[in-house]
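Visitor: Going line by line, the protein sequences match chains A and B.
Numbering of the first sequence is given in our numbering, commencing with residue 1 and proceeding in unit increments.
Numbering of the second sequence is given in our numbering, commencing with residue 1 and proceeding in unit increments.
Worth double-checking, as some hints may not be accurate.
To be verified - Keeping only pairs whose Cα atoms sit at most 30 Å apart, straight-line, the calculated DSSO-like set for lysine-lysine is: (1) A:Lys54 / B:Lys140; (2) B:Lys141 / B:Lys22; (3) B:Lys378 / B:Lys366; (4) A:Lys5 / B:Lys22.
As the list claims (entries may be wrong) - DEER-style ranges, computed between Cβ atoms: (5) A:Glu110 / B:Arg267: 36 to 42 Å; (6) B:Glu327 / A:Thr128: 36 to 42 Å; (7) A:Val121 / B:Asp79: 53 to 59 Å.
Hints are computed from structural coordinates only; laboratory data are not their basis.
Where a beta carbon is used, it is the ideal one built from N, C-alpha and C, also for glycine.
The lines below spell out each chain.
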Amino acid sequence: MQKIKSKSGLLAIREEVQSRLNQWADPDSPLQAVQIKVGMATCGIASGAGEIMKFLQEETEHQAIDAVVSQTGCLGYCYAEPTVEVILPGKKPVVFGYVNKLKAQEIIDEYIKKGELIEPVLPVNFRTIDE
Amino acid sequence: MREEKKQLRIALRNCGFIDPEKIEEYIARDGYQALATCLTGRTPEEVIRSIKDSGLRGRGGGGFPTGLKWELTRKSEPDKKYVVCNADEGDPGAFMDRSILEGDPHSVIEAMAICGYCIGSDEGLVYIRAEYPLAIKRLKKAIDQAREAGLLGKDIFGTGFVFDINLRYGAGAFVCGEETALIHSMEGLRGEPTFKPPFPSVSGYMGKPTNVNNVETFANVPVIINKGAEWFSKTGTEKSKGTKVFALAGKINNVGLIEVPMGTTLREVIYEIGGGIKNNKAFKAVQTGGPSGGCLTKDFLDTPIDYENLIAAGSMMGSGGMIVMDEDDCMVSIAKFYLEFTLEESCGKCTPCRIGNKRLHEILDKITKGEGTLDDIKRLKELSAVIKDTSLCGLGQSSPNPVLSTIANFEDEYLAHVKEKKCPAGQCKDLLQYVIEEDKCTGCTLCFRNCPVGAITGEKRLPHFIDQALCIKCGVCYEKCKFDAIKLV
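For reference, chain B alone in the conformation it holds in the complex (with noise of 0.2 Å):
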């Protein structure tokens, strides 16, 4: 068992202690009390101050200050705004969003009203993916209950404050993540980005002022406002205070969510939380920051996370999706994996992000099928470099990570596959051959029998063989083998 606690629980102070279906047990964890506070005894600008002093940034990946984007939206004049909870998590293996709906719903009500407070506005609305069915059933739950508790509803507290909060569905497209696009999807409108400027800050939801958090954002509200923003400031780096909710993932043995103060390291990560690799296989790499982030290898394992850090290793803090990878993965077909998704989730408005991640798919598939030359890697890195200059919004600019950081990282790969055509890791089918050791095998037909193709022959008691045309390398016979005799080329 570990002796240091590495992680500190403030996204997550409630999850999995309360009750989410119970408005009393968070109250009971001193839950609406910041916003009592805030109601009666502080006024908007004292409050805008607090979390701007507290250094809380973005994290939903961007890591703007929220004080500051509160402050802008603020001084945006119409009097109708908005408070919009960005809960359309979609980053692959990413599930820090659903986690804090699921198990702490008040603490995102108590913190939008608090924005409203802030801002001006009277009206919240949280964007949340129709795949978190359970999400949707508990913050609709809490809801209810913080309206009967009054909370809710108007005259806050006694203090003719208005604030009432309503959800909005999302089908779970990518981009729609993206604060312009998340706002058109709302709108009834396609999930398609626009131009920055005008922020939402200044025209939003309906065109008007819009004031845009994530999930894990709000939920770090409250407790900036009950302890104060110089003890959320004591934790974390000089330029990001606070911590970070990490979804765990991949080939490690402790998978789960997790909060740690920024500046951990990746090393603490990985191998004391997490527990280390699965199988004593030996670490390759770690993703973070899902499709629009990289892959940083071993040499990055002491860097400590926070959000500068991250972007000048060559990836970035994302939402907190971190998978791990052993040396059984392929680097190329991890980047094209992320390329896929890109592709897939792509809204298709700007040529760069619609044609060119198109082509960096076929580049890298081409690599992997064994056809790939050493032009193909250099047209891998001039395209990335026009996609991310051009696109129109952070989904295009960021697509290329992935591959920019994958041939960064471990351009020897790259060059196994298209100069020797071998993939080292061992993933490439059509870069392998299952073989037959001939003096392993007992000729026992097992792989024989199971092969569904037919490809082995050999008889009784004799050493078989593959028919290297006709083996679709599904791999049963390597799987059957009792004698270990059928290895990978």
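The shape of chain A in the complex, shown without the other chains (with noise of 0.2 Å):
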């Protein structure tokens, strides 16, 4: 990364970033991509989602479905880990818990494919800051 030497250069990268995030969200762009996050704290790993994670990039890279695939921290359902959040162009996020292979599988075949939601999907029991 280039070093940041003023304010305007670091809101430049924000820019820049939340651009290409619009644009993989964006159900019109031709850069559209569903984005595919997997809860990789100790919490997850410890449950298998080293393995998910994995599965989820050799299977959608395999399909050929564009997808970005990346780790995230901890979303605090300890309960329900592993955790994938799947964010399709133009939808809201969805957090699918308790995530095996079987799983994935379903939420490639079912919901990122067809748009068909599968459970459990977890509730969204907070407010963010920007609320």
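Each chain sits in its own coordinate frame; assemble them with the hints.
Guide: Listed below in structure tokens is the structure:
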């Protein structure tokens, strides 16, 4: 990364990353992509998130799905680890819990490819600082 | 699904949303903007004023006003000063700081730099326990990225401000969460506390003024700068502003990491966010504040959570461990568990803590074995008072709290152990007996075949018996029996 020398330099990077994220999330953009985030804090990894992440990476690539698979920290749903958040272009984020390989396959086949929700979806029970 | 959103994520604003190993993702969510704002447009005094006005208090448990701490360290004269982040999280069942460091390490780095600017320091140190390898890895990576981006190092944002951060590893001693012990440990000395004053703000690491804040405290700082002190102080109670992160554990359905506005009640946390008690059992108590805290009964379920209310209720905020207990938990055993922990973790420097806690533990052990007397309960109370009054540091001063709060709230359970030699929750092995109900026993011999010590006798298809002298109370027969013929008395 280049050196950030001023506040405007910082804001430029912010704009750049935000616009990339917006394009991913925009169903009308040619650059749209499914964002898949795997909870990879100690708790998630202990319950097998590493394997799930690898599987999702391989499977989306294998099926040629435009997807960005990345790791995140803890969302707080310890009781339902591993957790996977999926953001389909133009849709609100959905967090799936208790994800094993079978469930991960289902997420790809049912939700990502057909847009059909599968259970269990974890409730968004928090407000953010922007609400 | 719940309608109302009880949680508010301020310290955890990025946890679970960004890739902690990518600085760009933090920047995209307004990261390092607070630092830029401070360095390029505000004097240290103005920033400290904001932190004071926000009402932010230490999230490690003490609840000391953060802005005031910064101001005190700023006022100290010497040229060299240090910013220390206390990541020595040690309460049983607590993982708030680990989650923040693993999920959003840059928020802590940014806040430490802001603190450095305010107090006049060019060096930050994170004291982190070596048992947190992933948090260390991500924090190191984040520091490297921040250096590469010029957000740590020399001439940050072209303002001439210099600040860098290094790590110091703790070996996992609980007492090292106490700030003077932490500083000694960083200096390479034994992790033992020393008497305050002098406070670290005057003489800390290497004898220089040092500002020590907890991970979660730091994680709140950038938001206060970005959104303003007034925005922050809108959330919370009169004296406790903002939110608190809790690690919700124990006999609860939704075990997890939560962040709620100060003033949320324990009932809302346990029943609405936590989804209630596991297996529809009855709620018995909730333990807050770790080994320094206390157990609260159902009478306190509607207490709004804040620093003062929890202390008034006989517990404390602590760093955020919250362990829920149900009807099957024995409160004497719980007190004994916490004492065992303190006993292991006491550094041994002062007598009340080293020997007093040992004696407390012995008495509790006696009670759970059915050998306690009424005098023992009295002695527990007296000895606890002495340990609280005379111990050197917070560890000893608070170590009898689990004993005192369980006696205050569950005296009947202590009395049952002492007078009737019974454990109402059925946990104290020495006070239990497994017996076979003759009319229910079919003589299937399953228990006989599974008993590891040969304590069960009986003929096929005839009721069996347990020889109490041989029984080691392992409970295997109880679990194996298909006819519910074995009961605990």
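Visitor: Does each hint hold? Answer for all of them.
Guide: Here's how the hints hold up against the structure:
no., hint, verdict
1, A:Lys54 / B:Lys140, "holds, 24 Å"
2, B:Lys141 / B:Lys22, "holds, 9 Å"
3, B:Lys378 / B:Lys366, "holds, 14 Å"
4, A:Lys5 / B:Lys22, "holds, 19 Å"
5, A:Glu110 / B:Arg267: 36 to 42 Å, "holds, 37 Å"
6, B:Glu327 / A:Thr128: 36 to 42 Å, "holds, 37 Å"
7, A:Val121 / B:Asp79: 53 to 59 Å, "holds, 56 Å"
The earlier numbered hints are all upheld by this structure, with none contradicted.
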